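K.L.:
Model the full assembly from the supplied sequences, consistent with the hints where possible.
Sequences listed follow chains A and B, in order.
Here our numbering is used: the first residue of the first sequence is 47, the next is one more, and so on.
Here our numbering is used: the first residue of the second sequence is 260, the next is one more, and so on.
Rather than coming from a laboratory, the hints here were simulated on the basis of the structure.
Watch out, some of these pointers could steer you wrong.
[As the list claims (entries may be wrong)] Derived list of chain B stretches under chain A, where covered just means 3 residues or more per stretch with a C-beta under 8 Å from a C-beta of chain A:
(1) 335-343
(2) 373-379
(3) 510-519
Fair warning: this is a prediction, and the values are worked out from it, not measured in the lab.
Don't be surprised by glycine CBs; every beta carbon is placed ideally from N, CA and C.
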Amino acid sequence: MRAQGHQLFVDELQRFVAEAADPRVTAIAYRVAAPLRVAVSGRRGVGRSTVARALAGAGLEVTSQPDTADVDVYVIAEVVKPEDRDAIAAARHPVLAVLNKADLTGFGPDGSVAAARNRCTLLSAVAGVPMEPMVGLLAVAVVDGLLDDALCDALQVLAHRLDPDSPDAIVAARHAVRTEIWLRLLDTLDVFGIALAIAAVRQGRPAREVRALLRRVSCVDAVAERITAIGAEVQYQRVLDAIAELEALGVTDGGISEFLSCDDTVIARMAAAADVVEAAGLKVGRCDDPATHLPRAVRWQRYSRGPVSAVQRACSTDITRGSLRLWSQAGGSPRPGSTALRFGESP
Amino acid sequence: MIDATRDEPVAEVDALVAGIGPQLSSPAVHRRDVVLVTGPWLAGVSGVVAALRERLPQHAFVESDALAPGDAPVAVVFVVSAAATLTGSDCALLDVAAADTDVVIGVVSKIDVHRKWRDVLAADRATLTTHAPRYRQVPWVGVAAAPDLGEPRVDDLVTAVQEQLADPDVARRNRLRAWESRLQTVAGRYDRDADGAGRCARIEALREQRSTIPRQRRLSKSERTIALRSQIQQARVQLSYFARKRCASVRGELQEDTTNLTRRKLPEFETYARGRLEEVVAEVNEGITAHLADVAQVLGLAVDVPARQELPQLDIAGPPVKSRRLETRLMMLLGAGFGLGVALTLGRLLVNLAPGLTAAGIVACVVIGLAVTVWVVGIRGLLHDRAVLDRWVGEATASLRSAVEQLVATRVLAAGSALSAALGEQDEADNTQAARRVSAIDAELREHAIAAARAAALRDREMPTLQAALDAVRAELGEPENN
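P.N.:
Listed below in C-alpha cells is the structure:
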C-alpha cells in the first residue's frame, strides 16, 4: 500500500495553487508536499550505509540528521542486542526496524528470505517495533545499477558453465570468468545473489527480469512501502496543518474556502485519512460500488464516537465526510473525470 | 579431576599472594576441568559446542547454564557472529564469563555466509583489546560450525583450543586470574565503602532536611500569627454585625407587638419585653461562644475560649405609663364636652321626631352621651400608652445594643489573648520538636562521618597490601600494573 491519499491532496492543492497564484497558498502547498524524510541508524557493521543507499535509490528522502527526520529506520543484522533495544527505545519518531543481511540469516524450509521473515517476527517482539527483512546488498546492486552489462555477461557465462550436480557448483564454475570480474560480482551480489541470478539466467530469463527478481528478493520496495505506511500519520498531520492554515486564510478569501469545501478536496482528505487508518490495520473498503458509500459513512461516524485518539477521530471524520460526498455524487450525476472516479479506480 | 600437577601451580600462586598479604582470603572458586563455550544470543554457541565435542572428545565442553555459581572453567571459548562487530554488551558478557579464567579463545562464527568475516574478526579483536588490556593475547579464529552448505570449518578452533589447553602454564594463569578478579573485587568494595555513594546521597538528603526544618518553622509561625490576627478581626466584625442585627430584629418585633396591645395585656408587656431582651443577650452570647470555638478550631488550637459567667444586666427604667394626671383631667373635660354634645343633639332630634317619648328619650340620650364620653377617654388613654411603650421599646433596644456590643468586644478581646497564649505554647512545642529532629539529624550525620572515616581508614590500611598483591599478580600475568 502506498500512501496515495496524501499525494492526491497535494495534487489538488497544486492545481488550486496554479489557479489562485497566491504566494501564501503556494508556501502552504510547498510545506504539505515536502517528502517523508527518513533517518537510518544502527550499530557498526550492520550495513547502515547500504540500507540508506538502497532506500534513497528506492525513492525515499534519506536524511543524515535524525532531528529533521519523520521516520527512523533502525538497521539490525541477525539479532537484537541490548544496545539496539536502548537505541530503539530512545527514538523520538516512529521507528521501523530493518533486519539487514536477510539472505544470511540461514535457510528455512521455504528459503532464506522466508526464514528471515520468521526471524523478523521473533525479533520484532523483542525490539517492540515493526520489523522488515531486507537484503541491502542486492537492493543497492539493482537500484544503483551496479549490476552492469559486464556482470550480466559474466552471469551468463557462469550459468552455461555451471554443473548443477557438483556440490560446490558456483565455486567450481568461477574460473570461467576473470578473477577481477568474479570479485566484483561477489562484492555486488554476494554468493546468495549470484546463485539466485544464475538460477534465473539458467531458466532463460533476460537481464531485466533478473534485476526485477533480485529487487523483489531484496525486499527494498516492501521496506519502502512500510516506511510510507508508518509515515502516513505524519503526512496526514501535514494535511491537517495545511487545512488549518488554509481555513484561516479562507476567512477573507472566498476562493480558498470554496476550494476547501469542494468535493475533490474533501475526497482527497478522505484518501489521506484512509491511508492512516489502513496503516493502523483497519479496513476502509475503497471500492467504486456506490452502495458501500453510505454504510461506510455510518460505520466511520460510529467509530469516531468511540474511545479513539485525536488523529483517529480526525481520520474517521474525514472518511465520513468523503463517503457522504461520494454517496451524494453517486445519487446525482457524477461528472466524468472527477476525483471521485479516479479515487474509485485506485486499488 | 584436579591432579597433583594442577595443584602445584595453584599452591605456588597462593603462596606468592600470601607472602604479600597473609590475611587475604583466597578466591572461593571451584575450578572444573571443562571448557566453557559462551556468547551472545544467536551467535551460534550450540553449533560450536557440538563441533568441539565431536572433534575433541577428550575434553569436556559445556554451555554457561551447566556451570554452577562459583564454578570456573579451565578455558572460555567466546563465540560471536560474523554478522556484525562486537558490542559493549558482548564484552560485558565475556567479562562475567571469564572473570576467574585467564584462557580465552575468541571465535567468529558463521564464516561460511559472511564473506567479510576477516574484517569483522579484526574489528572484534580491536574492540576487545580496547575494552580491557587483559584480552590483548586472546587468539581469534573463524569457524563455520554448522553450515547450511558444505563442510564445517572448525580446524583453526580445534588447534587453538588444543594449543591453549596444552600450555603447562594454564593452571597458574587461571589461578592468577582468579586472584586478580578476587583482589579487584575486594579493592572495589573498599573503595565503594570509603567513597560511599549511597552514604553521600543520604548525607546530602540529611543536610537538605536540616536546613529546611528552621525555615519551615519560621514560615509556619508567621503564617499562624497572621491567621490568628485575621480570624480575630473577622470574628469581631461578624459578631458585631450579628449583635446589631439581633437588636434591630427584636426592636421591630416588640414595636409590632405594641401596636396590637389591648388594655388587658398592657401591664404584662413590660415583663414580656424584658424577657425578650434578656433572651437576645443570651442568644448573642451563645453565638459568640460558637463562633470563637470555630475560630479556635480553624487555627488548630486546643483551647477553651473563656466563657462569660454572668451576662450583662440591662439597666432599663420602666415605661412612664402611670403619671398622667393632667392629661387625664384634660381628656375627661374634652370627653365630657363631646358626650354632652352628643346627648344634646340626640335629645333635640328625638323631641322633634317622637314628641311622646320625651322622658324616656332624654334618659337614653344621657346614657348614650355618657357611654361616648367613657369610650373616647378610654381609647385616648390606650393610644397614649401604646405610644409611650413604643418609645420605651426604642430606648430599651438602644441600651440592649450597647450592652451586646460591649459583650462582643470584651469576649473577642478575651478570646484573642487566650488564643495568642495557646499559639505561643504551640510554637514552643513545635520548637522543641524541631530541635529534637535537628539533633537526631546531627547525630546521624556524625555517625555517617564516623563510618566514612572508618571505611577510609580501613581502605588506607588494607589498600597498599591489596595493591601490592594485585601488582604482583598482574606482573605474573604479564600485564601493565595500572589497569
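K.L.:
Each hint needs a verdict: does it hold in this structure or not?
P.N.:
Results of checking the hints against the structure:
no. : hint    : in the structure
1   : 335-343 : holds (count 3)
2   : 373-379 : holds (count 3)
3   : 510-519 : violated (count 0)
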